[in-house]
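A.B. asks: The sequence shown runs -16 to 113 under our numbering.
A few of these clues could be false.
Label-pair restraints from in silico Cβ distances [claimed, not checked]:
1) G49 to I93: 21 to 27 angstroms
2) T15 to V76: 29 to 35 angstroms
3) S33 to R70: 20 to 26 angstroms
Computed list of lysine-lysine pairs in DSS-like fashion (alpha-carbon distance at most 30 angstroms, straight line) [stated by the list, open to error]:
4) K98 to K74
5) K74 to K89
6) K74 to K60
If you are wondering where the hints come from, they were derived from the structure by calculation, not from laboratory data. All values derive from a computational prediction rather than experimental measurement. Cβ atoms here follow ideal geometry from the backbone N, Cα and C, with glycine treated the same way.
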Amino acid sequence: MPKIEPLAEFLLVLQRQQAVQGKVMGKGRMPTNNRATTVLRMAATTLRESDSYLGAQFRRFRTRLGPPVATKAMAAKLARLLYRMLRYGMKYVDRGAEHYGTQHRKQQVIHLKRKAAQLGLQIIEVAAAA
């Protein structure tokens, strides 16, 4: 099974690191005139307003990583998604921002419980008041 990363690397969406004697000296992307890269970046930036699963993911990336890095990360994610759709005929089904929010919340609770257990504490869930 071929790896997906070479496609994103070809499109110069992924960040490259310059290492000199084992130390990272510089990061960033290489300049490109590739139209597919430009389209993927534009598509990634339009997800900011979208009420979809990918839109919710992009907004979370944006708050955590900052706008420029989030745009590159989302463009790379879109490149991988596009590759799978073209190569394997995979269908994309959007589950919506609400599904992403609930999934993210479950992950946060799991991590919080794990951290509390490490500290010798216990978390008790309380049903949300309606």
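A.B. asks: Going back to the hint list, which numbers does this structure go against?
C.D. replies: Hint 4 is the one this structure does not satisfy, whereas the remaining hints hold.
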